[in-house]
Amino acid sequence: MLKLLKINKTFNAGTINEKKVLVDFDLHLKTEDFVTVIGGNGAGKSTMLNIIAGVHTSDAGSVVLDGQDITKDPEYIRAKHLGRVFQDPMMGTAANMGIEENLAMAFRRNRKRGLRWGITHEERALYGEKLKILELGLEARLKSKVGLLSGGQRQALTLLMATLQKPKLLLLDEHTAALDPKTARKVLEITEEIVTENKLTTLMVTHNMKDAIRYGNRLIMMNEGRIIYDVSGEEKKSLRVEDLLKKFESISEAGANDRMILA
Amino acid sequence: MDNLSGMIMALQGAVSQGVLWGIMTLGLYITFKVLDYPDLTVDGTFALGGAVSAILIVKGMDPFLTLPFAVATGALAGTVTGVLNTKLKIPGILAGILSMIALYSINIRIMGKPNVALLGEATAVTRIMDVTGLSNSVISLLLGIVFAVAIIGLMYWFFGTEIGCAIRATGNNEYMVRALGASTDQMKILGLMISNGLVSLSGALVAQSQGYADVGMGTGTLVIGLASIIIGEVIFGRRFNFAYKLMSVVLGSAIYRMIIAIVLQLGLKSSDLKLLTAVIVAMALSIPVVKKMVAVR
Ligand SMILES: Nc1ncnc2c1ncn2[C@@H]1O[C@H](COP(=O)(O)OP(=O)(O)O)[C@@H](O)[C@H]1O
Ligand SMILES: [Mg+2]
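Line order of the protein sequences matches chains A and B.
The number in this note's numbering is simply the position in the first sequence, starting from 1, with 624 added.
The number in this note's numbering is simply the position in the second sequence, starting from 1, with 122 added.
A portion of the hints provided could be inaccurate.
Said to hold, decoys possible - With a straight-line cut-off of 20 Å between C-alpha atoms, the simulated SDA-like cross-links for lysine to any residue are:
#1 B:Lys181 - B:Leu276
#2 A:Lys767 - B:Arg360
#3 A:Lys696 - B:Lys209
#4 B:Lys155 - B:Ser393
#5 A:Lys736 - B:Glu296
Said to hold, decoys possible - Rough simulated footprint, nothing fancy, chain A against chain B, three-plus residues with beta-carbon under 8 Å:
#6 264-277
#7 300-306
For the record, the hints were derived by calculation from the structure and aren't laboratory data.
All figures in this text were calculated on a predicted structure; none of them were measured in a lab.
Beta carbons: idealized from backbone N, C-alpha and C, even for Gly.
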């Protein structure tokens, strides 16, 4: 489904701020995989998603989606295949436009835009139905400006927008990190519902180990631009938070040992 | 009594000039308000429209036929700014300044000299005058209203279409637009094209109305346009739909010209006007900050 082949990415190459973020990074996803991604700050999780989405171009390696090499496609072309929700609730929606106008933009993600009306009557009915699923009462506020919504409402709306046209791959980058625990839980539940219902292939970055274990069929842990742990199936189901913590400790110990040797 | 009739005459002329300049303001609204992009190209494009129209009239073209040429060349100038900004990554304001400066030379090349007089030439205004016998300022006003209404209608339609929505969204949140499969580069270039096309049309109409084109006629266009947009917003409020907002922008332009006419009658020199305009715009743009400061205290 998705293949990342030997991806390398270095920021600010050749300067004192040089930062190798991804090193010969390989990742293969199967159709309908729901993969959760964990790893410390700066591990390269967002960079990986951004390279899939075309926000950044990789220095080497290729991105293959559904058998199609999309490495050279600009972000807006790849967007036709991808659904994305960002950490910042402001990033996924247009604040000065109405809820229905935002949905109408999302409805046309994989279509050529022309001089037809930006939103039709039939669509409005569809949006009303879809919004009902969120159980946030947004279906009664189709014309309201999105800027009036709370962070949680905006994330739920962004999620709906990302999946309004079925994406080949859904990319979620800590999309509940900016929300209070209760809202985060609700948005995660909606996420699972939508992913299961539509059989979506999904990559979900989270900082919450419990969520990483609870959701999805495969879990990967990243550290310094590499995958250091990759579990799926029964093994993942029986995983406990302590196991993940141990993994984290072992890598930080290894790091500490390296440092001692170097010193 | 003399003073009063002088004032009324001046105001009448001001309103018709204001409506013709209002077409420029409609163009500027697209970049400044819809795309959130302060585009300085317009200072050059306004004169470009005047230059193209005037020189074509002198060469014998029908004055109405010159207008599409003014629009097309203006759109081309907007495209250049757009490409400088989006493809070559030159910051927005600088990209506009570069186009504006380049247009100064280009406009003189087009006219062959810094200005072209249309004395004795048939303009859109004299054509209508021959048929109706109305005065220049009345004809200019009618011409301005017809064009403004038509353009507001077209803009209302266009910004409701799929592409128009994508342009509006681009001014709002570029990340979202790219994530939803539209090229923000294309949307910006398209917006700049339409905007500068309208500004150029406005320049052509103003040149025909005043009977000459001058390379300096566009100086201060951006700031005058901003003043008009702001005056329109302050007086008519940000209510109702897009068409209402566009109409208030044209009326804002007319009111701006009336204010200018009044202060001139009161004895200010015309060379003081740029200072006055800058003060109006600076005051209006600082309203939100001042409101906040007052609220905090
Ligand atoms: N645009 C950028 N320019 C320079 N450095 C960057 C950029 N984006 C990310 N980085 C750096 O790359 C590293 C990995 O970042 P990121 O992928 O955001 O990590 P994560 O999402 O796992 O926390 C960090 O050290 C970060 O500072
Ligand atoms: Mg991150």
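Checked hints:
1. B:Lys181 - B:Leu276: 31 Å, violated
2. A:Lys767 - B:Arg360: Answer holds: A:Lys767 to B:Arg360 is near 17 Å, not above 20 Å.
3. A:Lys696 - B:Lys209: Roughly 16 Å between the alpha carbons, so the hint for A:Lys696 and B:Lys209 holds.
4. B:Lys155 - B:Ser393: Violated, at about 29 Å.
5. A:Lys736 - B:Glu296: 18 Å, holds
6. 264-277: Result for this restraint: violated, n = 0.
7. 300-306: holds (count 7)
In summary, the numbered hints that this structure violates are 1, 4, 6.
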